[in-house]
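Chemist: With the sequences and hints as input, model every part of the structure.
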Amino acid sequence: MSYSCTPTPGPEDTKKGSYAVFGSQGRYPRRSRVRDQVLERVFAYAKAKGVRRFWVAKECSPQRDSEEKPIGMDSMDLVYSGSRYTIGLLVIILQNQNGINCL
Numbered sequence: 001m002s003y004s005c006t007p008t009p010g011p012e013d014t015k016k017g018s019y020a021v022f023g024s025q026g027r028y029p030r031r032s033r034v035r036d037q038v039l040e041r042v043f044a045y046a047k048a049k050g051v052r053r054f055w056v057a058k059e060c061s062p063q064r065d066s067e068e069k070p071i072g073m074d075s076m077d078l079v080y081s082g083s084r085y086t087i088g089l090l091v092i093i094l095q096n097q098n099g100i101n102c103l
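Counted the way our numbering counts, the sequence shown spans residues 1 to 103.
To be clear, the hints were calculated from the coordinates, so they are not data collected in a lab. This structure is a prediction, so every number in the text was calculated from the model and none was measured. All C-beta atoms, glycine included, are put in the ideal place defined by N, C-alpha and C. One or more of the hints may lead you astray.
[Said to hold, decoys possible] Derived lysine to aspartate or glutamate pairs resembling DMTMM-like cross-links, with alpha carbons at most 20 Å apart:
| hint | residue 1 | residue 2 |
| --- | --- | --- |
| 1 | K16 | E59 |
| 2 | K47 | D77 |
| 3 | K47 | E67 |
[Stated by the list, open to error] The calculated label-pair distances, taken between Cβ atoms and stated as ranges, are:
| hint | residue 1 | residue 2 | range |
| --- | --- | --- | --- |
| 4 | E67 | L103 | 19 to 25 Å |
| 5 | R52 | I100 | 25 to 31 Å |
| 6 | N96 | F22 | 36 to 42 Å |
Modeler: This is the structure in structure tokens:
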């Protein structure tokens with residue numbers, strides 16, 4: 001899952017840290033850096049599809065500038081090419097078919 005790390009101004013809840021995750025470097029869970037609202041939407045989708053695990057780029061790829069970041073970015077192609085489902089999270093409510101067509 002990739003998403004906008006910066007909350008969109010408006011109705012989004014910016015609370016985070018309610019969920020524990022395993023990052024790429026840890027053997028022990030830690031508080032998630034992803035907004036709770038984003039994770040809850042992904043949990044609902046994963047449950048509906050019967051998915052038990054999912055990839056969160058912000059938790060599993062180096063986010064700070066380092067020698068590892070380009071390697072992490074390149075490896076995302078492999079992760080996403082092996083994905084069964086792709087999720088796009090919208091903040092706005094689509095009111096009509098024209099809005100859907102614009103996607």
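Chemist: State for each hint whether it applies.
Modeler: So, going through the hints one by one against the coordinates:
In summary, the hint linking K16 to E59 is supported, as the alpha carbons are separated by about 13 Å, within the 20 Å threshold. At roughly 25 Å between alpha-carbon atoms, K47 and D77 are farther apart than 20 Å, so this suggested pair is violated. Pair hint K47 plus E67 does not hold up; C-alpha atoms about 36 Å apart against a cutoff of 20 Å. Between E67 and L103 the beta carbons are some 37 Å apart, a value that contradicts the proposed interval 19 to 25 Å.
Taking 25 to 31 Å as the suggested C-beta distance range, the pair R52 and I100 conforms, at roughly 29 Å. Against the hinted window of 36 to 42 Å, the Cβ-Cβ separation of N96 and F22 comes to about 41 Å, which satisfies the hint.
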